[in-house]
Every structure is written in C-alpha cells, then in structure tokens.
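Asker: If you read the protein sequences in the order shown, they are chains E and R.
Number 101 in the working numbering belongs to position 101 of the first sequence; there are no gaps in the numbering.
Quick note, the working numbering runs 1000 ahead of the 1-based positions in the second sequence.
Worth flagging that the hints you see were computed from the coordinates, not collected in a lab.
One should not assume that every hint holds.
Stated by the list, open to error - Below 20 angstroms or equal to it, Euclidean Cα-Cα: the simulated EDC-like pairs (lysine to aspartate or glutamate) are:
#, chain 1, residue 1, chain 2, residue 2
1, E, K171, E, D106
2, E, K134, R, E1057
3, R, K1226, R, D1209
4, E, K134, R, E1274
5, E, K41, R, E1057
Unchecked claim - Quick look at which bits of chain E chain R covers, simulated, 3 or more residues with Cβ under 8 angstroms:
#, region
6, 35 to 47
7, 70 to 83
8, 190 to 200
9, 212 to 224
10, 231 to 237
To be verified - For each label pair, taking beta carbons as the anchor points, the in silico distance ranges come out as:
#, chain 1, residue 1, chain 2, residue 2, range
11, R, E1072, E, L16, 35 to 45 angstroms
12, E, E55, R, E1274, 19 to 29 angstroms
13, E, L24, R, K1112, 18 to 28 angstroms
14, E, E60, R, F1303, 31 to 41 angstroms
15, E, A176, R, L1224, 24 to 34 angstroms
16, E, L24, R, G1253, 27 to 37 angstroms
By construction, the Cβ of each residue, glycine as well, lies at the ideal position given by its N, Cα and C atoms.
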Amino acid sequence: MKEKVKITPSSMLMLLLFIAVTVLMLTPFYAIIVASFKPAKLAISSGLGYKIDWEIFTFENYKSLFNESADKYFMWFKNSIVITVLATVLSLFLSAFVGYGLAMYDFKLKNVIFVAILLVMMVPMEIIMLPLYKLMISFKMINTVWGVIIPFAVAPLPTFFFRQYASGLPKDFMDAGRIDGCTEYGMFFRIFIPLMVPAFGAMVILIALSNWNNFLWPLLILRTNDMLTIPIGLSTLLTPYGNNYQMLIAGSVMAILPILLLFVFFQRYFISGLTVGGVKG
Amino acid sequence: MSKPSSTATAKAPAPRKTGFLYNQRYAPYVFTLPFVLTFLIFFTYPVISTIQMSFQEVLPGATKYIGFKNYENLFNKHYYRAIYNSLIYTALTLVVLIPLPLLFAVMLNSNKLPFKNFFRSTFFIPALVSIVVAGTIFRLMLGQSEGAIVNQIIGLFGFEPQKWLADARLGMIALVLMATWRWLGVNIIYFLSGLQSIPHDIYESASIDGATTWQRFMKITVPLLKPVTIYVLTISIFGGLSMFIESFMLWSGNRSPKDMGLTMVGYIYQQGFEQNNMGLGSAIGLSLLGFTLVLNLIQLKVFGLFKKED
C-alpha cells in the first residue's frame, strides 16, 4: 500500500513544519525528564525549564521513589494494574456478549435497546455522577475495585463495535451449530468468540488505556491510600503544601514509561482501535 | 444488509433439543441482559434520581421538596462563570482542533511528505498520557518564573514572562494549549482514516479538468470528510462541555482564583461533593445536559445530518 514519496520544494516546507510541531509535541516529555534529574523542589518553585544544569544533576528523585516511596508507589501501580485488567476483561467480554446478541437475533426489544445505547452515549457520565455516587454508597461499593468497574462495564461504544463486527460474520454457522446440538451460548463461546478475535484485538488497547488513565470516577470511589491508582495517587501529591515532590516528579515519568513502551511495540493496535470504533469508512 | 436470522431452522428435521439453553426466543434477551441491567441500574435510576434531587433539598434524613428553588439558585455569578468558561473552552477547542488536524491529516496523506508514519505516531503519543501527568507537567511548564519553559519560549519572541495561571485569559489559553497537545494527534488519525477512504481517481480527474489544489481541497476533500467531521465535532462538543479534570489539575482541585478555571462539571463537583448540596448539583448537571443536547442538535442541523442518510 505504500506510495512512493515524491520530494518537491513543498516537501521541504512541510517537513520543516512537521519537525517544528514534533519538537513542540515532545517538549513536555523532555521538560519532565530533565526536571526529574534536578532537585524536585526546584521544579515546583520555578517550574520546568529546558536547561540541563549538570551542577545540580541528581538521581535523588528516583532514589527516593524506589526507596522511601517504593511501597506506596508500587501499591498504586498494583491497584492500577488490577483495576485495568479486571475492567478490560469484563468490559471486552460483556460488550462482545451484548453486541453479538444484538447482531445475531431479531427480537422485539432490539430497537428499544438501540435507542437506550444511544441515550447512554448522549448523557455524559459527569451529569449523573452525584446520584451514581449515592447509589454506590447504598451498594456498599465505595472504596472497592468493583465500585470503580461495575457501573461502566458495559460501555456503549465497544458494544456498538462488536455488534457491527458480529453482523459481518456468517450466520450459517449458527444453523450448523444448532444442527450439531450446540446451545445458543455454546455457539457464542465456541464458534463466534474465536471468529471475533480481531475485534478483541482492535478494542483491547483502547479500553485498557482508558481504564489505566481513568480519573474522575475512581477519584470519587477510592477513598483510602492503599486503594488508590497511579493517577489518583499522583494527583494527591500535587498540592501547594506537598512534602513529597520527588515522588510526584519521578512517579510521573515512571507512569508514562510503561505505556510508551507498549506503544512502541503495538502502535498499530493503538491506532486501529481508535478508527474502527468511531468512524465508519 | 444480511438476511434476518433464518426462520427455516425452526423446521429443522433433526430431533430438536429443548430446554432453556437451546431456546432461541430467550437467547437475545439473555445476551442483552448485561446491558439492560446496566442501563436500568446505573443509568435510568441515576437520571431519574438526579431529576428528583434537583427539586429537593437533600439532607441526610431530612430531604424535602423545595420546588424550583435549586434552579432559581442557579442564577449566580459562579454559575455564569462556569457556563462562560465551559462554552468558551468548547468553542476554542473546536476552532483549533478541527482545522489544524484536518490540515495536518491532508499533508500526512499526500505523497510529498517523507517520514509520515513517524510523524503520525509522534503526534499521537501525548494521547497516551493520563490527564493527571499531563496536568502536572503543564502546570509546571506554565510556572510564573522566567525560567519556566513556556515563558522561555515566548521570551524568544520578545514577550515578557507571564503569570499564566493567575489570569483568566491566560488560564484559558493554558487549558486550550493542553487540549491541543493531547488531542491533535487523535483528531489527525480520525481525519486520516476519512481521507484514506476517498478514492484517488476523483482527485486525478479533477486535476485533469484543471482544478487547483485549493479547489480540490474545498470541493472534494471537505465535503467527502463530512461524516468524520461530524463525528469529531460531536465528541469535541461533549468533551469540551464536560471538561473538568484539566482545570482540576492546573489549579489544585477546585480552587482557581476568581473562578477562572471553574467549569460546569467543576461546579457540580464543588456543590455536590464539596458543599454537599446534591440538589443544586443536580440542577447544574441537568442544565449542562440541556446545553449539550441543544449544541449538538444545532450542530447536526447545520451540517444537515437529518436530511440524508449516507
């Protein structure tokens, strides 16, 4: 599919423009990395600069993160991983389950359910966060992993996506399955889940990333320090009266690193997940 | 479209197994049950509850109906500021984050630019960063000293160092800057996927007919990208109006001086959670829902989505 690049004078102009924008896009990463090798108090008092000053170069922030703050940070890390894995697995499975049902059967309430999914998409979560929070209190789900995950486990966008994907699969397999004595659910698990593997591949990174970076809802639900995820934990450190800026600066860099590594290796999946979900060709 | 699931199988000759697991009439309801439950418990109930609360004074054990009092209480300067901030932020992000990514996408799609994949990926990287880390970095880059990087950059163009987060206008610029950094690459990818579905021959025949680059862009690219543009507009309007965490990070929670970073959702959070005034919080939320729906209806009407189905 690759076309040949024709170099013309306008190519050079475009190239310059893109290099300039790339530099701007990478500046924040550069700034935080440079700052992470300076005394942390400096970053807070005078902001992030671009100069690398070898006289004050120090590993202190990372040392502190991996020594004094290690227990706390890795607990947050572990919590983030637990929530991300559980939420992603549950969300993928349930969205595929519902999407498959919508694609493969004709039933009375089908259109009603479609409208319902659209409604969920049209009302931002922030609008119902107050009553939802009260509901979580009465379900005793405050400060639990499930309280973070359950309310949003069946998300509208992945459900739509799986429905669309399943619609393109041959329904003859269902007839064949029935003749062979397969249950309706057995067909989903044994015939169609394997056929939907590419769809799972397209969705998994997008869903995992949004869970990993999720902030507002976990901020409301998670209450004690031992339950916090990395984003919530880091946000508690950025206060004017903070006393652990080393952890904030080095922790921020360490929070970016794993995702960046994943991105370098699985780029294609990050980007394809984005486009298949939203826009139809 | 594919055929509806065949009813012929109902008359299949083999000895049919019976029982719940084999029942084709129940199956769709079982499959969609997780959504239906989520919809009823975690969506419908909260929506009804928030409508109800908006007419109540919500106090533990002493909740009572107070009519439209919460809505009347909306008319105060904090609320006006919150609407103003949310609307301006949405408008500015639209002004920046539609044309700019479109332009970059067109260039990335042309055959004159080398290293396309590298640029596409690099522009996307900021979207991977959590808003908390992004907020931390931007807040520190926007520090008020002359050594802070944004002040250093504007210094190159001869501007004095600014107190970015202490001035309402500069604060808004800071928010839009952060949004641009995070979403430019994502929107580029949306537009790029739209561009790649436009057949090449259209451009070729237009060139043969003597159309200039600009004419081709306006007469072919823009109209054919309409579905993508509508999608990007819609999610941008939703995202813009419900912006909160960005300002939460730049100003340490909800405490921006003179409400300069207060948004609609920030106001819900402040009233509902910090002041424990769930009634007023609900009223703010419902008014935000109103804004969101109206803006999107206008947008869809302007772009004529109701007129024709693609």
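Asker: Which numbered hints turn out to be false for this structure?
Answerer: 3, 5, 7, 8, 11, 12, 14, 15
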